[in-house]
Amino acid sequence: MKQQTTSISKGALLLNHVKTFLSKPQNVILLLLGIILTVSTVAPIIAIVHDTIKIHPGTIDAYITKKSSGYSLVNYTDLFTSRLAKQNLWIPLLNTIILAIGSCVVSILFGGIFAFLVTRTNLAWKKYLSSIFIFPYIMPQWTLAVVWQHVFSSNVITGTSDGLLASMGILMPRWWCMGLFPSIVVLGLHYAPFAYILVGGIFKNMDANLEEAATILDTPKHKIMFRVTLPMVRPAILSTILLVFGGAMGSYPVPHYLNLVTLSTKYVSLNVKYKGEASILAIIMMLFGVAIMFVNQLSLKSRKNYTTVTGKSGQISKINLGKRGKYIIALIFVILTFFTSIFPIVSFGFETFLPNPGDYSFLYTGNASNLTTKWWTASDPTAENGLYGQLGILHNKTIWHAFVGTIYTAFMCSIIAGTLGTMIGYAVSKNRRSKGANYVNSVAFLPYLMPSVAVGAAFFILFSGEKINLFNTYTLLIIVGTVKYIPFASRSALNSMLQLSGEIEESAIIQDIPWVKRMTKIIIPIQKSSIISGYLMPFMTCLRELSLFMLLCVQGFILATTLDYFDEMGLYAFSSGINLILIITILICNTIVNKVTGASLDSGIGG
Amino acid sequence: MKKILSVMLIVLMACSFLFAGGQAETKKAEPVKELTAVQKIIKEAEGMTMEELAKKAIAESNGATFYGVGNSSRGKSALPLFIDYLKSIDPSYNLKFEWQQPKNNSIFEMLDADSKKAQGTFSMTLIQDGNQIESKMVQTGLLDRFIPLEWAKANGTTADKVEGYLPLQTLNKVFMYNCTGKKTYTNVWDFVMPGEHGLFMGIHSEPVGVNFLYMLTADKYADALKEACDALPKDKKAIVEKEVKALSKEAKEFGLGKNGAYGLAWIKLWVTSYNEQTDDGPICNTLVSSSATDQFGLLVYSKLRSVQESDSVSKNNIKVAAYEDGYKGFGGYGYCHYLFLTDNSPLPWTSCAFIAYMTCTQNGFNAWGKDIGGYSSNPEVAKANEDRHHHSVSGMAEDGVTVKFKALNDKGLDWWLNEGGLVVEDPEYCASVAFTVGTWIEGLRK
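Order-wise, the sequence lines are chains A and B.
Numbering-wise, my numbering puts 27 at position 24 of the first sequence, and it's gapless, one number per residue.
Numbering-wise, my numbering puts 30 at position 28 of the second sequence, and it's gapless, one number per residue.
Don't take each hint at face value.
[What the hints assert, rightly or not] Derived lysine to any residue pairs resembling SDA-like cross-links, with alpha carbons at most 20 Å apart: (1) B:98 x A:401; (2) B:372 x B:416; (3) A:70 x B:114; (4) B:372 x A:381; (5) A:69 x B:434; (6) B:119 x A:469; (7) B:105 x A:473; (8) B:105 x A:403; (9) B:118 x A:60; (10) A:470 x B:434; (11) A:69 x B:317; (12) A:377 x B:317; (13) A:89 x B:114.
[Claimed, not checked] Cβ-to-Cβ under 10 Å is the rule here; a few derived chain B residues that face chain A: (14) 51; (15) 116; (16) 119; (17) 280; (18) 291; (19) 441.
[What the hints assert, rightly or not] Below, a sample of chain A positions facing chain B; criterion: calculated Cβ distance under 8 Å: (20) 60; (21) 163; (22) 219; (23) 362; (24) 370; (25) 371; (26) 467; (27) 474.
Because the hints were derived from the structure by calculation, they are not lab data.
Glycine is no exception: its CB is placed at the ideal position from the N, C-alpha and C atoms.
Assemble the whole structure, with the sequences as input and the hints as a guide.
Right under this line is the structure:
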């Protein structure tokens, strides 16, 4: 009898615990999103692991095992031990690691130096430079790769059409034109805005007392820089590495256009005859993502005190570059950013008026008949007007269908990822010391650290089966985009929620205001700028995403795959036109959001 | 003795009986492959005329949406003409359609993914790369072949007797070189001599291009390479012979014919020297430019159609190697666009009718036929197409006498097969060497 009472009370106690637990909205959010995110992260990984042991008809595993179905470990043995192992695995792996590290170095150096100059010196034209500096991130990442080709390729060295420099008689060496070096530079420039935003944020808020104390102690300037200033930005550098490493590793278009064999490009080429082995490459890329996450966790645990905002000193000492120096250095950056931001847009615009792709006759001759508007205006489907069977951009249904598809996908990803991310940020901030919250926070961030091609491949395998077949549907793009971009919103929301004092919400709870009202009337309005950034980033990233979506849909579905298709076909007028449409769309969206909400990518840093 | 003989005979007869019975049993044991629903429709459709098929299509798909997928984007241009044809029979007929053209080899993944549904999205496909079609699509039963009655008649055969798949057309990739300099290419081995770097879609960019290399190890083309080698001057011949000697062991290992090593030698020299491009489009753009002096490439012939004359770009900056006098060896590579129904086709009758329309009428083929370098598999359609578009003289000036653009005068499929020595894809052969010769090719380093 006594035993029964105990068990009843234990049961009631448990029920009570559950009820109490679920009475808090943040716990319900954590529980639900914990389950959803675990499934959306783990299921694709299981699917791709399964693919590595499955026998695929018409591929190497079927040939070696002499079976057309079933399971085998032959993909592993062949990939790691065959005579093609060096070519199919080790060289691409080495190139990928060098590319990822190199991109981190370039982006941190370029973005970091620029951030320092903008925030800690009296550099001229800061506002303009700050806005223009983030352009390479706004543009599709292969934009600069294509520009690189247009500028440096030459008939003599690369065997292709003469680029701009070659047409002036300047020939660049092969290592400069294609391969590792240009890939590192292009990806480094693309991701430099990350470093600029993260490092700049710290530089801007840094307490000048530390440097002043060193100055009072007569410490040489270079020593202050290396022993005081730079160590303070270590967390920002680590965050940049975290974001750039995975991004560079999973980049497909840049190494593809610049002729570098990486795990991503190898994944695509191996898919024809070595499908299972390609899936192993995707797993290797994913392992890097997991490893980066662990490094991040370790660094968080061991991190020393990097407090930069003390509240005791609001004054930032700015280095004087000199009367001329501040203009000379600014001019150097104006020129640099012209080539990384303005020139691509001008070059794309010009390309759409050339009679043949890459035919710069107009430049040599000044003859206006060497220009044409056909790439925009051709409307007769039966006429052979030199457009390889396509209609001009203004009349091309494929392009405009892809445009609508892109906007739809980006909008949906942004809404869903932004909302879920905000919920995660809120729930984690409310339970910041619980293991569950940490788990949800980490599992939400994991897909971002995984290379895009690998994530795309995993979702392709998961959703192209007998029971769930979503291949080539917007639903699939939205699911994948949402999973991949939740971290943008969750990190942004978490940071802003952590700044909010718990008392604000508590006072509303005391007045018995329901949770939905608390969120919509109090919490979200206070932190609207950060939360809107959490919606804006997925939207803008999704607009020009290729690596993630390229395996999930065909061209004509979204602009990025359509652009890639035209680029591969050598129809640069179309790809340039689409690039222009994309860039203009992103800039318009960024400006509207900036005007309406005050949120933007570089908000606050450039002054 | 008689008794012994009798017993032996009885045993022998019993064995024979048992053996025969066993054989009968074995035959019975072989599973009789039951036709799928789509295959049954195909069987019926193969006995129908174009008009009968059209009526079936009208009954099946009026008001529906038709999804097709192909390596060529022109299915999209052919479908409206097909719908007009059906409307000419029944004016109330209406069909919405969507035609998709995946890149990067993903057509096979799309079809594979779609095949897993009980009823697929795609009704039919226009697909290239015989090797992958054979090993991934046909042997696995994902795609079904349909031979239209009129097509079989035009080719002097019947559906049952046709071997292989149904090609819509043969396309050719040909060697072309920039002729703004003095350099000429008079032998197929010239393209792989030291210092030469032909523009070519990489072996990983376009698998159908790899099939070209596989085919060079087949007896017919290896013999042709040997013959071309014999016509080389001494110094060049020595270079080739050295490679041939070095590769004779591999040729033996792969079970190739007596001149197989010549095929391997050409492949090795080509793969280690070519300049990889993403598509034939950029190759064409490069070669027609006046700055591309002495460069050459292997590219789809029809790409020339879209070149617009300008101060630095001209179709006269290029020559088709095989058209030049005294050229020895093969002038290019021919491969097919094949037509199939998916085995879970949602609109099988409409697919059969559309396939028949494309392969048996000039209008149906016109989307492809309007360009040089694509040849209908139906001789009657091919003739009608030439009568309409005059590709053999498309490079002539309006006076019909002056040659305006020599490279545009398409000499036609017969010429290419007989005089131009076109290497033609054989899906079965390609599939048989994909993991022997194929793996060896992948191991070659630049």
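Evaluated hints:
At roughly 16 Å between alpha-carbon atoms, residue 98 (chain B) and residue 401 (chain A) fall within 20 Å of each other, so this suggested pair holds. Annotation: proposed proximity of residue 372 (chain B) to residue 416 (chain B) holds, straight-line Cα distance about 18 Å (limit 20 Å). For the hint pairing residue 70 (chain A) with residue 114 (chain B), the CA-to-CA distance comes to about 18 Å; that is within 20 Å, so the pair holds. Simply put, residue 372 (chain B) and residue 381 (chain A) have alpha-carbon atoms about 18 Å apart, close enough for the 20 Å limit, and the pair holds.
Distance restraint check for residue 69 (chain A) and residue 434 (chain B): the Cα-Cα separation of roughly 13 Å lies within the 20 Å cut-off, and the hinted pair is therefore satisfied. Distance restraint check for residue 119 (chain B) and residue 469 (chain A): the Cα-Cα separation of roughly 6 Å lies within the 20 Å cut-off, and the hinted pair is therefore satisfied. Restraint check for residue 105 (chain B) and residue 473 (chain A): satisfied, since their Cα atoms lie roughly 18 Å apart, inside the 20 Å limit. As the CA atoms of residue 105 (chain B) and residue 403 (chain A) are separated by approximately 19 Å, the hinted pair is consistent with the 20 Å bound.
Taking the CA atoms of residue 118 (chain B) and residue 60 (chain A), the gap is about 14 Å. The hint holds against a cut of 20 Å. For a cut-off of 20 Å, the pair hint linking residue 470 (chain A) to residue 434 (chain B) is broken: about 33 Å separates their Cα positions. Straight-line distance between C-alpha atoms of residue 69 (chain A) and residue 317 (chain B) comes to about 50 Å, which puts the hinted pair past the 20 Å bound. Distance hint between residue 377 (chain A) and residue 317 (chain B) is fulfilled; the C-alpha atoms sit about 19 Å from each other, no more than 20 Å.
For the hint pairing residue 89 (chain A) with residue 114 (chain B), the CA-to-CA distance comes to about 30 Å; that exceeds 20 Å, so the pair is violated. This hint is violated: residue 51 (chain B) has a C-beta 29 Å from the nearest C-beta of chain A, more than the 10 Å allowed. About 7 Å separates the beta-carbon of residue 116 (chain B) from the nearest beta-carbon of chain A, less than 10 Å, and the hint is met. Interface restraint check: residue 119 (chain B) against chain A, minimum CB-CB distance 5 Å, threshold 10 Å, status holds.
Evaluation of the residue 280 (chain B) hint against chain A yields a held restraint, the C-beta minimum of about 4 Å falling below 10 Å. At about 6 Å, the closest approach between the beta carbon of residue 291 (chain B) and any beta carbon in chain A falls short of 10 Å, and the interface hint on this residue holds. For residue 441 (chain B), the interface hint holds, the least distance from its beta-carbon to any beta-carbon of chain A being 7 Å, beneath 10 Å. Because the smallest distance between the Cβ of residue 60 (chain A) and any Cβ of chain B comes to about 5 Å, under 8 Å, the interface hint for this residue holds.
Taking 8 Å as the C-beta cut-off, the interface hint given for residue 163 (chain A) holds, the closest approach to chain B being about 5 Å. Given hint, residue 219 (chain A) at the interface with chain B, is violated; its Cβ is 61 Å from that chain's nearest Cβ, farther than 8 Å. The restraint placing residue 362 (chain A) at the interface with chain B holds, with a minimum CB-CB distance near 5 Å, inside the 8 Å limit. The restraint placing residue 370 (chain A) at the interface with chain B holds, with a minimum CB-CB distance near 6 Å, inside the 8 Å limit.
For residue 371 (chain A), the suggested interface contact is broken, since its CB lies about 11 Å from the closest CB of chain B, more than 8 Å. For residue 467 (chain A), the shortest C-beta to C-beta distance to chain B is roughly 4 Å, which falls under 8 Å, so the interface hint holds. At about 4 Å, the closest approach between the beta carbon of residue 474 (chain A) and any beta carbon in chain B falls short of 8 Å, and the interface hint on this residue holds.
Comparing the model with each numbered hint stated earlier shows that hints 10, 11, 13, 14, 22 and 25 do not hold.
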